[in-house]
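Going line by line, the protein sequences match chains A and B. Per my numbering, numbering of the first sequence is gapless, rising by one per residue and ending at 286. Per my numbering, numbering of the second sequence is gapless, rising by one per residue and ending at 749.
These aren't lab readings, by the way, just hints derived from the structure by calculation. Do not rely on the hints blindly, as some may be mistaken.
To be verified - DEER-style ranges, computed between Cβ atoms:
no. : chain 1 : residue 1 : chain 2 : residue 2 : range
1   : B       : D703      : A       : R278      : 31 to 37 Å
2   : B       : Q666      : A       : P266      : 26 to 32 Å
3   : A       : R86       : B       : G747      : 54 to 60 Å
What the hints assert, rightly or not - Footprint (simulated), chain B over chain A, 3 or more residues, beta carbon under 8 Å:
no. : stretch
4   : 180-192
5   : 195-205
6   : 261-271
All residues carry an ideal CB built from backbone N, CA and C; glycine is no exception.
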Amino acid sequence: MPATWPCPGPSGIADEYAVVFDRARPVRLLIVPPLFEEMNRTRRMLIETQCRLDGLGIDSMLPDLPGCNESAQAFPAQSLGSWRDAMAAAARHFAATHVLALRGGALVFPTSLPGWVLEPQKGSAILRQLLRARVLAAKEAGREENSTDLLEQGRNHGLELAGYRLSAALVAGLDAAVPQDEGQRVIRQSDLGGRPLWLRSEPGEDPAQSAALARLIAAEASA
Amino acid sequence: MTLTDQTDTDLRSLLNDVLGLGAARVAAMTADSGLFGALPELDSMAVAGLLTEIEDRFDIVIDDDEVDGDMLGTYGDLLTFITRKRGEA
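My request is simple: use the sequences and hints to build the entire structure.
And the structure:
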């Protein structure tokens, strides 16, 4: 079900969307999605996981990161800091008891909640891939660019990468950020079976994988 | 299994992860099967993801200026490139 939640932003409180399965049950899972393209590639998998969790008696909320998906906030105004503030606000608003962060979501999730991080990714690895996509696209267009110069430019002035206008703060933040997990359990792809859907160039789905993820969370949340 | 055979198997598996073509279509690829420029799924973002995964799974480092049509044009080109890089390591 779609719901809205109040999210702090540079122009005050903005309404953001979340996909919510809420029946006021004791375990309430906040899901922090991956960043950039991986968010789109994993969306069907995550919502299928939410359906499965619902069937296993667990509430879940998948909020938009400000500037992403349905958000009306400006992407260029975002940083890892703004996403951390937003996810902390979502956790409070929905009274989350647990958290699941995927991939780059592990850079911005509320660390005070117990829970899980799925194949967490370093910020520098995310940035490297975005820079590489830009260098490749430039090469196809007959222009020479290189990652080192682009990174320097991005850290000082911001940069457009893969269709996203990244602020200087976001570039610098990604370059330095490592997954924040503190005692949350790391889930690996091999724990779920199947193939990693965030790699897929076109979004895919794998109900068996979503079911495995939901079962794992349900078992460990009640343990 | 030789190193090259294993690299071939691992590369097909990785291409299947990125392209989602299914194991059968990936298994049917030959050295002449076109990649970059031949498969619409392989845009610059997908190639960037593919290269990053190649670095992780094959434990090699790929410089920006090594990436071009000679390296990514066909399945055989890419396999040759990775095999050579692994030999240098």
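Here is how each hint holds up against the structure:
1. D703(B) x R278(A): 31 to 37 Å: holds (35 Å)
2. Q666(B) x P266(A): 26 to 32 Å: For Q666(B) and P266(A) the Cβ distance comes to about 30 Å; the hint holds.
3. R86(A) x G747(B): 54 to 60 Å: Hint holds: Cβ distance 58 Å, inside 54 to 60 Å.
4. 180-192: It holds: at least three residues are needed, and the stretch 180-192 of chain A offers 3 whose Cβ sits within less than 8 Å of chain B.
5. 195-205: Coverage by chain B holds here, the residue count being 8 at a Cβ distance below 8 Å.
6. 261-271: holds (count 5)
Hint check: no violations occur; every hint is consistent with the structure.
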